[in-house]
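Asker: Please build the complex by placing chain B with the ligands on the supplied structure of chain A, with the hints as guidance.
Read top to bottom, the protein sequences are chains A and B. Here the first sequence stands for residues 1 to 258, where the numbers follow my numbering. Here the second sequence stands for residues 259 to 516, where the numbers follow my numbering.
Be aware that one or more of the hints could be misleading.
Examples of chain A residues lying across from chain B (beta carbon under 7 Å, computed) [said to hold, decoys possible]: (1) Leu55; (2) Met81; (3) Arg84.
From the derived model, a few chain B residues whose C-beta atoms are all more than 10 Å from chain A [claimed, not checked]: (4) Ile293; (5) Ile314; (6) Met379; (7) Ser382; (8) Trp442.
In case anyone wonders, no lab produced these hints; they're calculated from the structure. Even for Gly, the Cβ is constructed at its ideal location relative to N, Cα and C.
Given next are the chains, with one letter for each unit.
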Amino acid sequence: MGNNVKDIISLCNVSLKLNGRKILEDVSFTVQEGETFVILGPSGAGKSSILKVLLGLWKPDSGSVFIKGAEMSSLNENQMMPLRKKIGIVFQGNALFDSLNVQDNISYFLKERNSISERDIDRRVKECLAFVNLENAENLYPEELSGGMKKRVAIARAIAFKPDIILYDEPTTGIDPINVKILEDLILKIQNEGTTSIIVTHYVTSALRLGNSFALIKDGSIILNGSNDDILNAKDDFVKEFFSDYQPDEKFLQKVNK
Amino acid sequence: MDIIIRNKKKITALAESLQEYSFMTVEMIKKVSKIRRNKTAIIEEMYTIGTQSLFIVVLGGLFVGIILALEVGYRFEMFGAKTMVGRTVSLGILRELGPVISGLLLAARTGSKNTSEIGSMKLSEQLDAMRAFGTDPVEKLVLPRMLASVVMFLPLTLLADFAGIVGGMFVSSAWLSLDKSIFWNAALYGLQMKDLYVGFSKPIVFGFFISTISCFMGMKTSGGTTGLGRSVINSVVTSSIVVLIIDFIFTKVVWEIM
Ligand SMILES: Nc1ncnc2c1ncn2[C@@H]1O[C@H](COP(=O)(O)OP(=O)(O)O)[C@@H](O)[C@H]1O
Ligand SMILES: [Mg+2]
Numbered sequence: 001m002g003n004n005v006k007d008i009i010s011l012c013n014v015s016l017k018l019n020g021r022k023i024l025e026d027v028s029f030t031v032q033e034g035e036t037f038v039i040l041g042p043s044g045a046g047k048s049s050i051l052k053v054l055l056g057l058w059k060p061d062s063g064s065v066f067i068k069g070a071e072m073s074s075l076n077e078n079q080m081m082p083l084r085k086k087i088g089i090v091f092q093g094n095a096l097f098d099s100l101n102v103q104d105n106i107s108y109f110l111k112e113r114n115s116i117s118e119r120d121i122d123r124r125v126k127e128c129l130a131f132v133n134l135e136n137a138e139n140l141y142p143e144e145l146s147g148g149m150k151k152r153v154a155i156a157r158a159i160a161f162k163p164d165i166i167l168y169d170e171p172t173t174g175i176d177p178i179n180v181k182i183l184e185d186l187i188l189k190i191q192n193e194g195t196t197s198i199i200v201t202h203y204v205t206s207a208l209r210l211g212n213s214f215a216l217i218k219d220g221s222i223i224l225n226g227s228n229d230d231i232l233n234a235k236d237d238f239v240k241e242f243f244s245d246y247q248p249d250e251k252f253l254q255k256v257n258k
Numbered sequence: 259m260d261i262i263i264r265n266k267k268k269i270t271a272l273a274e275s276l277q278e279y280s281f282m283t284v285e286m287i288k289k290v291s292k293i294r295r296n297k298t299a300i301i302e303e304m305y306t307i308g309t310q311s312l313f314i315v316v317l318g319g320l321f322v323g324i325i326l327a328l329e330v331g332y333r334f335e336m337f338g339a340k341t342m343v344g345r346t347v348s349l350g351i352l353r354e355l356g357p358v359i360s361g362l363l364l365a366a367r368t369g370s371k372n373t374s375e376i377g378s379m380k381l382s383e384q385l386d387a388m389r390a391f392g393t394d395p396v397e398k399l400v401l402p403r404m405l406a407s408v409v410m411f412l413p414l415t416l417l418a419d420f421a422g423i424v425g426g427m428f429v430s431s432a433w434l435s436l437d438k439s440i441f442w443n444a445a446l447y448g449l450q451m452k453d454l455y456v457g458f459s460k461p462i463v464f465g466f467f468i469s470t471i472s473c474f475m476g477m478k479t480s481g482g483t484t485g486l487g488r489s490v491i492n493s494v495v496t497s498s499i500v501v502l503i504i505d506f507i508f509t510k511v512v513w514e515i516m
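Isolated chain A, as found in the complex (with noise of 0.2 Å):
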C-alpha cells in the first residue's frame, strides 16, 4: 500500500490509544485521485479520530499514514505544513473562529499564503461566497449565522485555497431536510471540479447519493469497506441493521443493476 500511484491516501494498520481506550484498531483503507470516499458509522465509532489522524493532528500509536506518497508519522509539525495546505477539512462543528466575521474567516488561510495579493484574496472571497450562495453573509459574524450557514461557511473556507482533497466531517448532521439537500449539492459541485473527498456521516442516504467507495466502521475497526454493491449486499448482521432504514429508489436500485 502507499505504492500505487492513484493512491492519493492511504492508512495501513493504525491504531490509536487515548487516555488508555482503544479508540481505532487496525484501520486501513485507500483513496485514490478524484474519487470520493464515505465513512460510515454510528456514532462514538471513531469516525472524526480518522480524519485527525489523517491530518496528522493525532499521531497514530502504530500504523502509517500516507498523504500523497508522504508518511505523515515521519514529518515534524512544521514539515507538515506544506502537506495539510493541500487539505481542506470541514469539521464537525464547523471550528469557524467566531471572533471573525464571514469574509475574515474565509481569507484567513488565503492570507498565510503570502503570494496572494489583497485584491486577489477579495475576489477569491467572493467566489466562494458566491459558490456556496451566500454573497450578503460577508460581514456577519458565526453566532449571526444558522446552522447550515454556518456549514457553507465553512465549506466556502475550506475551498477558499483550491485544495486536492477536502474532508468532510459529518456535513449535514443536525441540519433540516432542504438544506441538506443544498448541502450535498454543493459537495458534489466541488467533487465535479475534481477534487478528492472524504465524507464523514451516519446517514446512508447521503453517503449513497455521493460517494463511490465506503467503509463501514463500528468500535474502531473497518468491518466493510468496498462500493455500494459490497455494502448493499453484505450479510453481515450489524451492517443489515445499519442499512436497514434505507430504502433505494428505483432509479438508484437501476443504477446499481447496470
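Answerer: Same frame as chain A, but now just chain B with the ligands:
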C-alpha cells in the same frame, strides 16, 4: 519520601506540564522571526492590553501609594522623620509594590483573557482548524500575546508607579501636612540607577511569563465548560505565584549581584 510516593501522579503531571510548557516556549521563540507577518495581531493585542488594563492598574497603584504613605507617615511622624515619607514611598513603589501589584492585576486581567479566549478556541476545535489548514497556533496566538505583554506591561507599570507616588504625595500633604516639594525632593533624592533597573525589568519579565503561562493553559484546556473554568483559575493562580516568585528572585539575587 513518603509524600513524594503518595503524590507521584501529581508530580509526574506537573513535570509533564513543565516540559510541554518549555517546548511551547521554545517553539514560540523560534518563531520570533515571523514578527513582521503578525504585525497586525501584535498591535491589536497591545491595544487591547493597554485599553483594558490601564484603569485597574492605575487604580491599584494609586491605592498602594496612598496606603503606603499613610502607614509609613504615621510611623515616621512618631520619630519625627516625616520628611522621609517621600523617599520610602517612591522606593517602595518603584522597586517592589508597583511592579508586584501591577503584575498580579495583569495576571488576573490579561491572563484570564488569554486563557479563556484560547481555551474556548481549543474546545470548539478552532486550534485544530488552524493546524489542519497549515498554520501554527503558537505563531498566530501565543507569539503576538507574548510580545504585546512584554511591550505593554512596562508603560502600564510606570503609570501605576506614577499614580502611586502622586497619591502618596497628596495624602502626605493633606493628612500629614507635609509640603509637596519636600515629598518630591525626598522621593527623587534617594533613587539610584539600580532601583530603576530592578523596577523596570520586572514588568518585562512578568509580561513574558504571564502571557506564555496563560496561553499554555488555554491550549491545554479540555473537558468542556467546567474544564475551561478550571483552566482559567489555574492560569491566574499559577501566574500570580510565578509573579511573586520572580519578584523575590529579583529582589534577592539581582540586588545582591548589582
Ligand atoms: N479528545 C479526546 N480524548 C479522549 N477520547 C476521545 C477524544 N475525542 C474523542 N474521543 C473518544 O473517541 C471515540 C471516537 O470518537 P469520534 O472519533 O469523535 O467518534 P465519531 O466521530 O465516530 O462519532 C469516542 O468514544 C470518544 O469518546
Ligand atoms: Mg464525529
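Asker: Please verify that hint: arginine 84 of chain A, Cβ, nearest Cβ of chain B, below 7 Å or not.
Answerer: holds, 4 Å
Asker: With 10 Å as the threshold, tell me whether tryptophan 442 of chain B passes as away from chain A on beta-carbon distances.
Answerer: Tryptophan 442 of chain B clear of chain A: closest Cβ-Cβ about 46 Å, beyond 10 Å.
Asker: So is methionine 379 of chain B really clear of chain A, every C-beta pair being over 10 Å apart?
Answerer: violated, 8 Å
Asker: Does the claim that isoleucine 314 of chain B lies off the interface hold, with its Cβ farther than 10 Å from every Cβ of chain A?
Answerer: holds, 23 Å
Asker: Mind checking the CB of leucine 55 of chain A against every CB in chain B and telling me if the closest is under 7 Å?
Answerer: holds, 5 Å
Asker: Mind verifying the non-interface call on serine 382 of chain B? Its CB should be farther than 10 Å from each CB in chain A.
Answerer: Serine 382 of chain B not clear of chain A: closest Cβ-Cβ about 6 Å, inside 10 Å.
Asker: Are all beta-carbon distances from isoleucine 293 of chain B to chain A longer than 10 Å?
Answerer: Check passes; 14 Å lies beyond 10 Å.
Asker: Just to be careful: measuring from the Cβ of methionine 81 of chain A to every Cβ in chain B, is the smallest value less than 7 Å?
Answerer: holds, 5 Å
When the structure is compared with the earlier hints, violations turn up for hints 6 and 7 and for no others.
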